[in-house]
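Chemist: From just these sequences and the hints, can you work out the full model?
Those protein sequences? They're chains A and B, same order as listed.
Read the first sequence against this note's numbering and you will find it ends at 116, with the numbers running on by one and no gaps.
Read the second sequence against this note's numbering and you will find it ends at 230, with the numbers running on by one and no gaps.
You may find that some hints are simply not true.
[Said to hold, decoys possible] Below, a list of computed lysine-lysine pairs in the DSBU-like style, where the Cα atoms sit at most 35 Å apart:
1. Lys-18(A) - Lys-65(A)
2. Lys-167(B) - Lys-57(A)
3. Lys-18(A) - Lys-57(A)
4. Lys-57(A) - Lys-17(A)
5. Lys-71(A) - Lys-167(B)
6. Lys-18(A) - Lys-69(A)
7. Lys-57(A) - Lys-71(A)
8. Lys-229(B) - Lys-57(A)
9. Lys-69(A) - Lys-57(A)
10. Lys-17(A) - Lys-69(A)
11. Lys-65(A) - Lys-186(B)
12. Lys-71(A) - Lys-18(A)
[What the hints assert, rightly or not] Some but not every residue of chain A turned toward chain B, in silico, with C-beta under 10 Å:
13. Val-4
14. Gln-6
15. Met-50
16. Gly-110
The set of hints was computed from the structure by calculation and includes no laboratory data.
Even for Gly, the Cβ is constructed at its ideal location relative to N, Cα and C.
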Amino acid sequence: EAQVTQNPRYLITVTGKKLTVTCSQNMNHEYMSWYRQDPGLGLRQIYYSMNVEVTDKGDVPEGYKVSRKEKRNFPLILESPSPNQTSLYFCASSLHGTGGRTGELFFGEGSRLTVL
Amino acid sequence: GQQLNQSPQSMFIQEGEDVSMNCTSSSIFNTWLWYKQDPGEGPVLLIALYKAGELTSNGRLTAQFGITRKDSFLNISASIPSDVGIYFCAGQLPGSSNTGKLIFGQGTTLQVKP
Numbered sequence: 001e002a003q004v005t006q007n008p009r010y011l012i013t014v015t016g017k018k019l020t021v022t023c024s025q026n027m028n029h030e031y032m033s034w035y036r037q038d039p040g041l042g043l044r045q046i047y048y049s050m051n052v053e054v055t056d057k058g059d060v061p062e063g064y065k066v067s068r069k070e071k072r073n074f075p076l077i078l079e080s081p082s083p084n085q086t087s088l089y090f091c092a093s094s095l096h097g098t099g100g101r102t103g104e105l106f107f108g109e110g111s112r113l114t115v116l
Numbered sequence: 117g118q119q120l121n122q123s124p125q126s127m128f129i130q131e132g133e134d135v136s137m138n139c140t141s142s143s144i145f146n147t148w149l150w151y152k153q154d155p156g157e158g159p160v161l162l163i164a165l166y167k168a169g170e171l172t173s174n175g176r177l178t179a180q181f182g183i184t185r186k187d188s189f190l191n192i193s194a195s196i197p198s199d200v201g202i203y204f205c206a207g208q209l210p211g212s213s214n215t216g217k218l219i220f221g222q223g224t225t226l227q228v229k230p
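Modeler: Rendered as structure tokens:
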């Protein structure tokens, strides 16, 4: 089954404790991206990757890091989480990388993160 | 930053009714997309539009890319209970296809009464 898998789905952590949210897709997609969803603010892009070893900042990259060492994986790293990073996070992928149509995204089920 | 104004914010309708929602912007977009999000899940793509004036259907759903390129609407005909969820419009500005950046509307929450 074609899917984007995120882990963990739910996490409660404390300020400053490094964490990683993993994302894996099995569709051989070139393009991957991370979004956060907050009430009243909608979905906002954090980072994106056009292909392996190619990553760039989205609209709200502060406090986050990413890496793309393999085509299928795109982990989101919070080096020192803070309460304002409490949010619902979505990883997404798209078949169409350099060919355009990068808006046609497959989303994961989301990871709800709470930072105390 | 860029914003999309999506309306209505919420709708509560009777099963069988038609539904219409729209998004507007002060900016021109090259791409309009409509997504649906069910509770506890990620958004799922419903329809993608790439040309001004384009009208596209997906089952009971119909979406149009506005002629001015600053708006789009989504219609759902003969609603059924499984149409319940949050519907998001999203747009890509010219030059954004290489970044994949989407600007999302705030969402329309649809509830259907059987």
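Chemist: Take the C-alpha atoms of Lys-71(A) and Lys-167(B), compute the straight-line distance between them, and say whether it is at most 35 Å.
Modeler: holds (31 Å)
Chemist: Are the Cα atoms of Lys-18(A) and Lys-65(A) separated by 35 Å or less?
Modeler: holds (11 Å)
Chemist: Would you check the hint for Lys-57(A) and Lys-71(A), treating anything up to 35 Å between C-alpha atoms as holding?
Modeler: holds (18 Å)
Chemist: Lys-167(B) and Lys-57(A): Cα distance at most 35 Å?
Modeler: At roughly 28 Å apart (the allowed maximum being 35 Å), Lys-57(A) and Lys-167(B) satisfy the hint.
Chemist: Given Gly-110(A) as an interface hint, is its Cβ closer than 10 Å to any Cβ of chain B?
Modeler: Nearest chain B Cβ about 5 Å off; hint holds.
Chemist: Taking 10 Å as the limit, does the beta-carbon of Gln-6(A) come near enough to a beta-carbon in chain B?
Modeler: holds (9 Å)
Chemist: Does Lys-57(A) sit within 35 Å of Lys-18(A), going by the straight-line distance between their CA atoms?
Modeler: Between Lys-18(A) and Lys-57(A) the Cα gap is close to 20 Å, so the pair holds against 35 Å.
Chemist: Checking one constraint from the list: CA of Lys-69(A) to CA of Lys-57(A), max 35 Å. Satisfied?
Modeler: holds (17 Å)
Chemist: Would you mind confirming whether the straight-line C-alpha gap from Lys-71(A) to Lys-18(A) stays at or under 35 Å?
Modeler: holds (24 Å)
Chemist: Checking hints one by one. Is Val-4(A) an interface residue toward chain B, by the C-beta closer than 10 Å rule?
Modeler: This hint holds: Val-4(A) lies near chain B, its Cβ roughly 8 Å from the closest one there, short of 10 Å.
Chemist: Just to be careful, I want the Cα atoms of Lys-18(A) and Lys-69(A) compared with a cutoff of 35 Å; is the pair within it?
Modeler: holds (20 Å)
Chemist: Taken at face value, is the distance from the CA of Lys-186(B) to the CA of Lys-65(A) at most 35 Å?
Modeler: Within the cut-off at roughly 33 Å; holds.
The structure does not agree with numbered hint 8 stated previously, though it agrees with all others.
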